[in-house]
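Kindly produce the complete structure, drawing on both the sequences and the hints.
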Amino acid sequence: MSVVAIPPRPRPPVRGDRPGPARAVATLTLTVDLQPGPITPRLARLLDLLGELAESGEGRLRAVEPAPVAPRPVPDPPAPHEIRILAGTRVVRHGDRALPLTRIEYDLLLYLAERPRRVFTRLQLLANVWGYEHAVARTVDVHVRRLRAKFGSGTPLVTTVYGVGYRLADDARISIERER
Numbered sequence: 001m002s003v004v005a006i007p008p009r010p011r012p013p014v015r016g017d018r019p020g021p022a023r024a025v026a027t028l029t030l031t032v033d034l035q036p037g038p039i040t041p042r043l044a045r046l047l048d049l050l051g052e053l054a055e056s057g058e059g060r061l062r063a064v065e066p067a068p069v070a071p072r073p074v075p076d077p078p079a080p081h082e083i084r085i086l087a088g089t090r091v092v093r094h095g096d097r098a099l100p101l102t103r104i105e106y107d108l109l110l111y112l113a114e115r116p117r118r119v120f121t122r123l124q125l126l127a128n129v130w131g132y133e134h135a136v137a138r139t140v141d142v143h144v145r146r147l148r149a150k151f152g153s154g155t156p157l158v159t160t161v162y163g164v165g166y167r168l169a170d171d172a173r174i175s176i177e178r179e180r
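Going by the UniProt record's numbering, the letters in the sequence shown line up with residues 1 to 180, in that order.
Since the hints were made in silico from the structure, they are not lab data. Here a beta-carbon is modelled for each residue, glycine too, at the ideal position from N, C-alpha and C. Certain hints may be false.
[Unchecked claim] Per label pair, the in silico range of CB-to-CB distance: (1) TYR111 / GLY37: 43 to 51 angstroms; (2) ARG118 / THR89: 19 to 27 angstroms; (3) ALA98 / THR40: 33 to 41 angstroms; (4) ARG117 / ILE39: 52 to 60 angstroms; (5) THR89 / ILE39: 31 to 39 angstroms; (6) TYR162 / LEU86: 17 to 25 angstroms.
Next up, the structure:
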């Protein structure tokens, strides 16, 4: 159920002896979504009170047919090794559980997931994820190791390209869900 109260609009002052506009009336909109089935006693009492208000002339009762709602597709349950990045809330889900990632771990995973099959050197990752290149390149190694540990050895995530850097694993099942 939703209730919306709309206050009266202020009217401009009236000049001279012209009749003024009718007094503004506050509007209260009450929306009750009725589900099929029996009505509870409290809901029946509310509907009776609304009917009494309408009969007394203090209010107006109007039934509105709900707009047809398109059925939402039911998402498939996540696979145990599927990783979902919820970009709007910065949450990463692994299967059915949310993983606590640090800011850098999250940014690193999102950066690699947005650019699959590309290999990045440690310096490129430092510049694009960390925002600077003036750190020890092994910092990237430490964060990749922590990411792998959080997801477990059974989940393919980041592949090491020896002598070059890192990339997202080919068999990593990662989806990025953006806010609509």
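Problem set entry | Beta-carbon spacing of ARG118 to THR89 - inside the hinted bounds 19 to 27 angstroms or not | Since ARG118 and THR89 have Cβ atoms about 26 angstroms apart, the given range 19 to 27 angstroms holds.
For this session: Note whether the CB distance of TYR111 and GLY37 lies within 43 to 51 angstroms or breaks it.
Result: About 50 angstroms separates the Cβ atoms of TYR111 and GLY37, which means 43 to 51 angstroms holds.
Exercise. Cβ-Cβ distance between ARG117 and ILE39: within 52 to 60 angstroms?
Worked result: Holds, at about 58 angstroms.
For this session: Using the beta carbons of THR89 and ILE39, state whether their distance is inside 31 to 39 angstroms or not.
Result: holds (37 angstroms)
For this session: With respect to the beta-carbon atoms only, verify the hint that ALA98 and THR40 lie 33 to 41 angstroms apart.
Result: Check passed, 35 angstroms falls within 33 to 41 angstroms.
Problem set entry | Status of the given 17 to 25 angstroms range, CB of LEU86 versus CB of TYR162 | violated (33 angstroms)
Violated hints amount to a single one, hint 6; each of the other numbered hints is respected by the structure.
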